[in-house]
Structure formats: structure tokens, C-alpha cells
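In the working numbering, the protein residues as written are 1 to 268.
Bear in mind the hints are in silico, worked out from the structure with no lab data behind them. All clues given are correct.
Derived DSBU-like pairs (lysine-lysine); straight-line CA-CA distance at most 35 Å:
id	residue 1	residue 2
1	Lys226	Lys158
2	Lys2	Lys191
3	Lys217	Lys133
4	Lys226	Lys212
For clarity, every value in this text was computed on a predicted model and none was experimentally measured.
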Amino acid sequence: MKIFISADIEGSIGVLDGCECRHGNEEYERARRYMTEEVAAASRGAYGAGANEVVIKDAHGTGRNIIIDDLPEEVEVIRGWSGHPFTMLQDLDATFDGVIFTGYHSGAGIGGNPLAHTISGGVVQEIRINGEKASEYLINSYTASYVGVPVIYVCGDKKLIEEVEGHKLGVKTLAVKEGSGGSVRGVSLKKGIGLIEEGVAQAVREIENIRKMEFPKEFKLELIFKSEAQAVRGGFYPGMRRSGAYEVEGVFTDYFDLLRALMFLIRG
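Construct the entire structure; sequences and hints are all you get.
Laid out in C-alpha cells, this is it:
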């Protein structure tokens, strides 16, 4: 059994401030250790429940955050960014049996985490897919379904977990913290990693009962930028049109085309 882990940091245990997510300071070094501990726990849980291959995508910022020295020796790790539109799920394909998200967070315009954003908090104020405010969980769950693989486990902030459970797909979840304004309240690292290992093991054992995200016939993508100039520029992307001072929208029948649009419109 092959398991893919996509690891972010803003939803990791205890993390609440931007300085904890950027290279170059002591607080980041501590946060990346928490991120690493979560990934290691998820890997152990997967192996313990019968997985024989685990591939991890370091999916935050530079893609160079996870301390690979502290991971189980059997895992493979993808660092950096290839430029492929799958971004946080780079190299995921139909040979995998399940996907795990660790350190994930609530999306732009949704709240519940001082670090809530989608893809780039400095570029977009909000992203909607078919009218639903889109988190990175939502975008990446559709990506996993695109290649026929279910998301089986998600851990992150409480607001995100409410979103995941609202889709009623049987995904196993863990809320490691709850945000309130500029604060978070959550589990200790020791307790959290134990719960992650147990939860992932359960998800792998019960993988046959977990469903993929269902695909609609088409996807309406709406982007609300923080800069009017970005909206003007975005309106020239093939298939997109300007729909407001800061907004662009477009409709796609192939989800990969939507991912390509997100990559070029937001990541540049």
C-alpha cells in the first residue's frame, strides 16, 4: 500500500504567528520541528497499519522545512517545487492508495486560525470554487480525486476540521488547535503526535470506507485579489474575465485547467 503525505505548517500544533513559518529565527526552528514530528507520527501510523511505501511532500513555503534526519528511514521526501500545477501534491498519481494532510489550516475568508489563508495570503483575499470558499484542503482534495485517490486523514485547526467533516466522506480527522483572534488553544506536542499516529493507523486500516471528493460537471473559479493590478492582469488569463475591481472569474470543465490557472494567476 502506498501513502502520500502533504505537510504544511500553519495548521501544526501550537503554530500561530507568521514568524514561526519563515526561515531565519528560533521560533521557526521550533515550529519546523513540530511539523516534522507530525509527519513522522503520520508515517509511523501508516507503516504500522500496513503501508509499505510512504512519500512525503514538504508543502510549505520554500519546500525545505521538514527535518528529514528525524523521519523513519523508509520514507521518501519531496523538497522544493518542480513547477507542476499539483504543487502541494507534486508526484501524486493513481498508484497511491491514500493521501494524508498534516499541518493544514483554514482558508482565506474562513477564519478560525490567525494564519488562515489560501495559497498566498499576500496575493488573494479569497478564492471560491463553485461558490464555496476554497481552502488548500478543498483544492487539494479535488486534485487527489482527479487522479482517483482519496484523502483519508487530515489534521489541523478546528475550523478546517469542521470543513472536512462537513463533506461527509469518512475522512479521519484531528483538530490540534482552535483559533480565537490572534491566539490558539490546543493540544501539547506529545499528546498530539500520539493522536496523529493512532488516527492515521485507523485511517489506513479503514481506507476502503473512505470516499473521494465527488466531481461536479464544471468548476467556477472566482479569485478576489488584494491588488487591483492583479485583477487587471488576471482578466487576460485564457478562460478568465474580470468581474469586479479586485475580482476575476472563469469556468473550467477540466480540473487540471483550474489548477493551471491558480498556479499562473497566484504563484506567477
